[in-house]
Amino acid sequence: FDTSAPETVDPSSVPQPKDDFQEELVIRPLHSGDIYASFQFRTVWETDFMRGNKVSHYRLFPKSLGQVISKFSVRELHISFTQGYWRTMQWGQPFQPSPPGAELWVWFQDSAECKVYAAGCVDGTWKELTNVLSGIFCASLNFIDSTNTVQPSASFKPLGIGNETDHRFLRYATLPREIVCTENLTPWKKLLPCGSKAGLAVLLKSEKLFHSSFHSQAVHIRPVCQDWQCKTTSWELRQTLNVVFDLHNSAQGKREWSLFKMFSRTLTEACPLASSSKIYIDITDNPQGEQFEVSPATPLLSQAVVLGDRRTFSVYDLTQQITFGTVRSLNLLIRWKSSEGDMLRPLLHAERYVAGYGLQTGEIHTLMYNNHPYRSFPVLLLDSVPWYLRLYIHTLTVTSKGKDNKPSYIHYQPSKDRLRPHLLEMLVQLPPNSVTEVTVQFERALLKWTEYTPDPNHGFYVGSSVISSLVPSIVAMDTNSTRERPLFSSFFPCKEESSYFVRVYTEPLLVNLPTPDFSMPYNVICLTCTVVAVGYGSLYNLLTRSFQIEEPSPGLAKRIANIIRKMRGVPPL
Amino acid sequence: CLSERRRGQLAALSIAAVVIIVGVPLWWRTTETYRAWLPVNQINELANLQLQLSADVEVVFARGTVTPEQQKKVPTQVVISLCLFCSSPLEADLSLHTLSESPCGSLVVYVIPESSTLLPEDVDVYIGQRRTALLRIGAQMRVGRTLEQLLAHLEPRIKQVLQVMSFSHTDITAALSDRVRLSPGNKESIADSMRAFKSSPGYEITFSLLNPDPKSHRVHWDIEGAVQTYIQPLLTKLAPLANFSIDSQTLYYAMLGVNPRYDSSRSAYTLNSDSLAHVINPVEARLGSNAASSNPVLNFLLYVPDAHHSPLHIHDHKKQEVLSNAFHSPRWGGIMVYNVNGFYGPEAVFPVDININMAKVMGVFLAQLRLLLGVQSSAPPPGFLVAPCSSTGLADWELDRLMWSRTVENVATATTTITSLAQLLDQIGNIVINDNIAQQVSSAVTSLQLAVAELEAGNLGFALQYSKEAILASERAFFDPSLLHLLYFPDDQKFAIYIPLFLPMCVPILLSLLKIVSEARQKRRERQAKKD
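Which chain is which? The protein sequence lines are A and B, in order.
Quick note, my numbering runs 291 ahead of the 1-based positions in the first sequence.
Quick note, my numbering runs 8 ahead of the 1-based positions in the second sequence.
If you are wondering where the hints come from, they were derived from the structure by calculation, not from laboratory data.
All values derive from a computational prediction rather than experimental measurement.
A virtual CB, placed ideally from N, CA and C, is assigned to each residue, including glycine.
Hints may contain errors.
[Said to hold, decoys possible] Which residues of chain A face chain B? A few of them, derived with a C-beta cut under 7 Å, are:
hint, residue
1, C485
2, G486
3, P563
4, S837
Could you put the whole structure together from the sequences, leaning on the hints where they help?
In structure tokens, the structure reads:
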């Protein structure tokens, strides 16, 4: 073998890798005493998955996801698994919103073969894709079929580059029943270049993460611009994990948090493959340190505009050895001094419930709150309701402040039994400082006995409503998408300075359907057979028996007399 | 009164008739499972199939190998003058190839005179890179006077050539060994057949660079270029056999499953051959399955040991270092350990940039790939000289050899699949056989028959094509989900459901029939008695 080739090289001759990995953790102490930790891992790769281009050599980007993008011509893929419900009024807006259960939305490329027969072609690909993803993430995504898939016309626009807005290439589905646990976290961690061996990912121990009030993990894949002119495109894989630890459950009621207390681990190094590895602690509400203190202290401060607000963060750069100090380990400590102070009320939030009684009809109420004191803004409401709740769309009412509020845009697609769900999208203007109520009545359908879930008396889930909106911003938003920014502030692209994008999910609904007794089919068969047999028996008797007139039998005295006469040998009477 | 009795009997009889003529067939029809027609006879014929393989061998005599009187009897003038200016057999081989293009599966044997200097002294047979062989005519072969005698003399040699270049008995038994129980052959050929991947319409080849220590080593490999240079030519050559797709990935913090032992005498870490079996499992969890297809995956791992466990050497059974520092796992792939500690000094600043010498790596992987694909390089019999590998890494006749055994294997696989499916369907009457399954089964049977016929005719290319189609169709029929639907619907439950209807209906009918019969019998007895 030829070993004369130079094997070590000076760094200048090494080709610049075309992929880049960043990791960061944002910790936001919440006024309720809970703590919110948000992990973001971003891999950006300068490559082209578009137009059937075959990509086969992977470095930092995970091969399994790359193959999925290539095979199914995916333009954008967003998948999230969430356990628990995000309490907007207590915790504020999350960095990446997600509904309880599993959510999957995918934009497909308008490849040549799918152009003509878009619907059928994309439907087939979608079915295959959900099956493959359920294998990759160990989740029951294979339960996604045409009865819970919709094609929203306005609510889910592509987050990456691309002006494709033909919603025939979009598929959206939620599984509100999906339970998220360790088996979903392990494959998610495996997609990271450093796995859970180094960097921030060592903190992701499942026994702690799932012992929390809220857990949400997500994967977002989209094409992004490489530079300001957007001459070349890159593919971005963003893996996010949001978790809220409960004050009473995880901290035994003491308002004191540390990395070790949250994750039962401390940090000793950054992932060697990461070009940036940072921890941000939100200290906006704590400028002089009167609310809580953070130790070890860091001289680095950073300001970022996120969710319409300018926030200040303490920054810990893990790529610098000095961050770990003399003990070579970083265990951040946040100790609350006072429990006073109030959170800024989120400008937009929503809730939903089912009203009505009995098992025949009901009414869905959706409440949307605009807490802005003087600005009104429009919101897009998306509702996807399963077919077995038959919506009476003529009963749809939208009221704000006691007055009728006419939506400026309504897109309604009625359901087809066992084929597709209802899709209701509308654009509603929310007046300032108001509650807008959307109600619609429905009727419960009777299912076939094989269509019931194994525990039908638990009820049937209806996925969260999605409310998307451009909320007026207090500070000017940053519209330059390529500038170096913390990852958590760069997820939703920002088109104008005066407003920012927010997506809010309501609670999923749990609706009882009329549930039969499941031994019924056998009972029905037996009863019918018995009835038929009884009817048949009498008919048969009528037809086959011959009837004869019989002499009435003689009385008792006469019979006894006859016996005596017989004994005497005299002829009977 | 009698006519009344008669009417009752008639009513009972007609009800029984209606039940038997209308009711029972109606019930039978409505509860019957749909079973499409299957070509059972042809499938049974397949079960005891006689395979006959034939290869075209063309024997060409060079000038000076046949006497004039023998030459007269040669039907056409195929005697040619053989490359006068060639000095080496390689050149002769190439020039002969341009002379005649032989189709896939056939052979051309050129008989050259004893005095020819083309071949070295002790070599009688030279096997080229294409489908040609040079055969030196021996002195004792020239004794025959007629052409037939000459050919009879040549026959054993040509048989040997055929066994090397096309197929031998052991090849075929090895190909069949998984499907058909045969008398155990020699151990080596069985091991050979177990090493190679099963025949499949496609393979995924994955190269993985395992870097357990990215803090110390920043490893770069030009896999794209290496695949283009070393692997792609071989795969292009193998394209008629199967579809191949190649990808690569880099895995960080991927550890081997065993802790290597430190050997102070060599100041190196060693992996013993008996611990190699435990290396793969923990690594495999990181490799990830192929999301985009269900073809078998061939894994090739390049392991760069971490700085604290370098250098790492693999030792064989005799405690000797393995030169290539690599090993392969049958039907799984290969692993190569690539030590990099020699390329930087003790004062190096970590992380060190390291460029991998792809020529060295790909040499090992290519050899492993050949083994795993079943390209056998068994030692030729004495007196044979095999041409060196061409740039594609595979001679034409090696491809043919592979195609022969793969075709036989495909035919055997498809046959067992179809016969076991037919057996299963025969045994369990409850399974619904849809039309599409019947169609797949018929097309598999047709393709199989065609493949067998083409094998007999010696058309290797067509035979392989048909055998592939047969495999695809038979697997599709066998794994069709509709076959599972009624599998667990036992008869006793079915009858439990019908009994509430059947029992009350049938008992009166039976009773009245019995009564009618006994009355008729009694009447006849009375008539008999009256006669007497």
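Structure-based check of each hint:
no. : hint : verdict
1   : C485 : 6 Å, holds
2   : G486 : 5 Å, holds
3   : P563 : 5 Å, holds
4   : S837 : 4 Å, holds
When each numbered hint is compared with the structure, no violation occurs for any of them.
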